[in-house]
Every structure is written in structure tokens, then in C-alpha cells.
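K.L.:
Each chain, written out:
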Amino acid sequence: MADVAIPRAKPQMTEAGAWAQLKHNRNWLGFWFMVPAMVFLIFFLAYPLGLGIWLSFTDTRIGRVGQFIAFENYEWLWDDSIFWLSVFNTLLYTFVASAFKFGIGLYLALLLNEHMPFKAMLRAMVLIPFIVPTVLSALAFWWIFDSQFSIISWSLKQLGLINQNINFLGDTTWARICVIFANIWRGVPFVAITLLAGLQTVSPSLYEAATLDGATRWQNFRYITYPLLTPIIAVVMTFSVLFTFTDFQLIWAMTRGGPVNATHLMATLSYQRAIIAGQLGEGAAISSAMIPFLLAAIMVSWFGLQRRKWQQGENND
Amino acid sequence: MTDLPTSRIDLKAVLHSSAPTVAKDDHSEGMSYLQSVPRRLVTLYLPLAIIVVVLLFPFYWMALTSVKPDEQLLDLDKYNPFWTWNPTFKHFHKLLFESYYPYWLWNTMYVAICATVLSIIASVFAAYAIVRLRYKGANLVGGLIFLAYLVPPSILFIPLATVVYQYGLFDSPLALILTYPTILIPFSTWLLMGYFKTIPFELEECALIDGASRWQILIKIVVPLAIPGLISAFIFCFTLCWNEFIYALTFLQSTSNKTVPVAIVNEFVDGDIYRWGSLMAGALAGSLPLVILYAFFVEHYVSAMTGAVKE
Chain A
1 MADVAIPRAK
11 PQMTEAGAWA
21 QLKHNRNWLG
31 FWFMVPAMVF
41 LIFFLAYPLG
51 LGIWLSFTDT
61 RIGRVGQFIA
71 FENYEWLWDD
81 SIFWLSVFNT
91 LLYTFVASAF
101 KFGIGLYLAL
111 LLNEHMPFKA
121 MLRAMVLIPF
131 IVPTVLSALA
141 FWWIFDSQFS
151 IISWSLKQLG
161 LINQNINFLG
171 DTTWARICVI
181 FANIWRGVPF
191 VAITLLAGLQ
201 TVSPSLYEAA
211 TLDGATRWQN
221 FRYITYPLLT
231 PIIAVVMTFS
241 VLFTFTDFQL
251 IWAMTRGGPV
261 NATHLMATLS
271 YQRAIIAGQL
281 GEGAAISSAM
291 IPFLLAAIMV
301 SWFGLQRRKW
311 QQGENND
Chain B
1001 MTDLPTSRID
1011 LKAVLHSSAP
1021 TVAKDDHSEG
1031 MSYLQSVPRR
1041 LVTLYLPLAI
1051 IVVVLLFPFY
1061 WMALTSVKPD
1071 EQLLDLDKYN
1081 PFWTWNPTFK
1091 HFHKLLFESY
1101 YPYWLWNTMY
1111 VAICATVLSI
1121 IASVFAAYAI
1131 VRLRYKGANL
1141 VGGLIFLAYL
1151 VPPSILFIPL
1161 ATVVYQYGLF
1171 DSPLALILTY
1181 PTILIPFSTW
1191 LLMGYFKTIP
1201 FELEECALID
1211 GASRWQILIK
1221 IVVPLAIPGL
1231 ISAFIFCFTL
1241 CWNEFIYALT
1251 FLQSTSNKTV
1261 PVAIVNEFVD
1271 GDIYRWGSLM
1281 AGALAGSLPL
1291 VILYAFFVEH
1301 YVSAMTGAVK
1311 E
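Taken in order, these protein sequences are the chains called A and B.
Following our numbering, the numbering of the first sequence begins with 1 at its first residue and continues without gaps.
Following our numbering, the numbering of the second sequence begins with 1001 at its first residue and continues without gaps.
These are computed hints drawn from the structure, not numbers from a lab.
Not one of these hints is a red herring.
Here are the simulated SDA-like pairs of lysine to any residue, each with C-alpha atoms no more than 25 angstroms apart in a straight line: (1) A:K119 - B:R1039; (2) B:K1197 - A:R26; (3) B:K1094 - B:S1256; (4) A:K119 - B:F1057; (5) A:K157 - B:L1064; (6) A:K119 - B:Y1060; (7) B:K1220 - A:F31; (8) B:K1078 - A:L156; (9) B:K1078 - A:Q148; (10) B:K1197 - A:P231; (11) A:K119 - B:A1295; (12) B:K1220 - B:I1231; (13) B:K1220 - B:F1201.
Hey, can you work out the whole structure from these sequences and the hints?
P.N.:
Encoded structure:
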């Protein structure tokens, strides 16, 4: 009897052991906990990311499986003046908008950091442009920049500064200025509020000490505020650059890339080529061309974070 | 906007989530007494007033346009364009009863809530595993999730369109519910990791000694303690969903399935010269739910926004 019972009991033991291991082992538990997030990220992020790069090497169209054509899409784009115009527009848009966002955002953060009445309410109001869906505020700008009934043209005419309506979104230069302005308008609150959060961690005692030593307001800013704020500036600006570079909705709602492609960004051009014209392969090539730029931005962010660790100590998070 | 219950914003929530809270308990007067009132007027209040007016003007203009009668909208000479004495709700009426607007609102809300709930559940598990289980390679996975946060939708929408088509999800809200989490999960995992780190280890150790499983610890100890973080993540994700445009534009086709941002851009923009009133009414009605939500949860909102950047 005993001979039979022992071999029967043994596999049961090992099975329970394996089950217990799946339940209690740190690594297996970690794996189970990660499953939901990983499923989403692998199927709808990592896989499409790879697929997008693959598509850019094929001549896929909507409703037709493509053939592998190596670098033909890229060669085609290399000679495409509209593509280069969109690259130029994207860089211009990103640099100008980010520079202004940084300048105005930092200035606004410094202003909001002062002691004054209704401080809390002001801060809450400043963030509203960031909350409202971009497309909907872009529509408001579309109406504000209307060629015939623009309130800006009307006001300037009343003031006697101009005689004719400004064709805001119909003229290439004006259209660029308008979309960049709208982007700055939308981005400033984000920059300002995050920098303000950084500013609040700077101890006022530092300013008091510096003032006693005879520092001016500018010196206070240059030698106390700015160095202490550098790490958070690096991160915020990377995010800002990244999202400006890949912007789509603002342009699509305001100009759809017009007039004469003057405001086409790489994202809008890839949408136009891929979805509207149906050339999925070519569109994928345009959006893949954004990846090197994004990698550059991410590297900047990474070094910014490293620098922060270096400044504030390793275990400070 | 003036009656926002925002007296408590003060960014204290931000300071809670971050380690260096040096400035928090310092006196708030600072050195402002060193400046005279006229000087403050020029260096502080004036620039601040200008910036705030510019930031809020589009909303004023949106609201004003949506209640103006048509003839006043286009006749700038006879009526003062900055105000109207006979507001009308005609545009809103048209929006609610003569268009698909209620459907669009419902779609947006449905998609946003489903995608947010899905993402928060997935992120709670992932964040807990990365921060507290610290399985082999947890740091690497944390880094990868941060990288995923930096992958923008505008380079994913083309391949995702083919994926959505293959899975037969095209033109269904499910396409959005399943793709939005790719934007939301990285963000909320990163945010929740920060919150979970602040929960003392000792609590978990006690529970482990008392025989609680990891699952029980997560549900009964960690999640209840991280409620503020969950609210922040929820609100921010909800806002991101509501705001999302390019996926909704690409994956949805039939008019009644669209979300508010896409529908307004595509359906209201006809050649009609009198479209502005209803267009602005639509934009206003699409923004209001978010602004109201924001008004109630300012602190959470700010802490979500800054928390994710600070980590």
C-alpha cells in the first residue's frame, strides 16, 4: 500500500510547488501584474511602430497589400519639394513656438510666483487653455483669424492702423504666424505651471540672503532661480518640443496645411498622403522620417534627467 | 469663470508629490514689501493682466459668438462686436435638436470613460509591480514605459489604421477604446509609480506577516492609500481622451459615430456663411464638461501634470 501511495503523492507535491511558485515568486508575480499593460503596449504601440517602419518600405495603398520596394518611398520623398517644405515648416514651427513658449512661460511662472491677491484663482485660470480640447480652441482661433470678420482686423481698423482686412489664414507668412501664435497660446500654460511648481521648491531664504549681499533682481534670477530650475526646464522643454514637432490637430483645424502648403507639417502631410490620397506607404515614410528628430529630443531629455540626478543626489525621487 | 472653487489650489498638491518641500512652510510674505506699489503695478500686474486677457480672450469670443444673433455676427459696423444685448440660444437649440451633437457628446464620453478605466486598471497593476514587486528587469521596463510615453500618435496612426482594419474594428468606438490606452497607460503608470513610492514599505510588510497575499495588499492597502493619485490619473487621462483627435479622425467614418472634436471640424464646416454661431456653440459645449471637471479638481489636475514631468 505504502509503495503505491508514495509515487502518487510525489507529483502532487511538485505540481503544488510549481503553482505556488507562479503565485509567490517575485518575477512571476511581476509578470502577471504586467500582463494587462503589456498587452496594450505591445499590440497597439510596439507592433504598429514596427509595422509603420515596414510600411514605409512598401507601396501599400488603402485596400491593397503592398510589395517591398526598399527605399523607393524615401527616394521619391528626397526629390519632393513639398516634403522638404513640410520639414522646413515643422522645424520653423517647433523652434519659434518652443522658444516663445519657454520665454513667456518662464516669465509667467515668475509673475505667478509673486505674492498677490487672487493668486490661486489666477493660476487656475491660466491653465484653462491647456484643458480645453485643442481642436475646439483652434476653431475659436479660426474664427478670430477669419479673413472677412476677424475681430483683430476690425479692432486695428477702428484704431486706424490698417485700411484693409488682414488675410490672416490666406497669406503664407500670416498663416504661419497665426498657427505659431495659436500653438504658443496653447503651450504657455503647461510650461508656466510646471515651471511654477519647480519655482516653489526654491527656498525664499536664498533670495533673502542674496539680497542682503546686494544682488539685484536680475542677479537673483540668473544665479539662483535659473540654475535651480535647469533640470525641470530641460524636461519640460523636451516634452514641449516633442509635442510641438508632432503636432497635427491645431494645423488641421485651422488651415489643413494651406495656403499653398505653407503650414503643412510632417504630421499633416503624412495624413494627407496616407489617409486622404490612400498612399499608406508614402505616408508611413513621412512619419518614419520624424523618428530621428524625436530620438534627438529624447536624448536631450535623458541627459537632462541625468544632470538632475547629478545635481540633487542619486536617491532623490 | 470667476466662481471656480479654487481657493485651495496653491499647488500644495504639487509639493506633496515631490521630495524637496523646502519652501512649503516658509513665510509667504517674502520680500514683496521691498517693492513700492506703483512699481509692482508696472512690473507685475500689468504684464500679468495682458497675458491672462490674451489667454482667456478666445473663450470669451467663443462664448459671445455662440449667443449672438446671426445678423450681429457679420455686421461689425452697426453693432459693437464685443458685446450683445439680445443673446439668443438659437445656435444651441440647433445643435441639440437638429444635429447629431448629443450622439457625439455621448460617444466622446463613452470612449473616454472606457479607455480611461481600462488604462487605470492596467497601470495600477503595472506601477505596483514595477515599484514594489521589483521583479527582474523592473527598472528596464519602467524605462521602456517612459519611452512609450514619448511615442507620439502622429507617427502611429497610419500603421494603427491598418491594424484596426485587420481586426475589423474600423468605424467602431472599440477601435478608440483599445488604442487610447497606448497614450494613457505610459502616462498614468509613470504617475502612479510616483505615488506608490510614497507609501511606506512597513505597511506592506505588516500585511505580509499577517498572511495577506500580494493581491490583497494591492486592493486593501496600496490602492486606498493612492486614491489622490488615482483621481489625478483618472482626470488627466479623461482629458487626454477628450482631446484626442488624430486617431478619432482616422478610425471613424460614419457621422453618428464620431467624437465631438472630429465631428465639429468635419460636419459643421460647410460653406454656410452663418455657420459661425453653431460652430462656436459646438466648441463651447464640447469644452464645458472638461472645464467643469477641471474646476472641481484643480489640485489633482495640476499634480498630475507636474507629477509626470517631475519623476
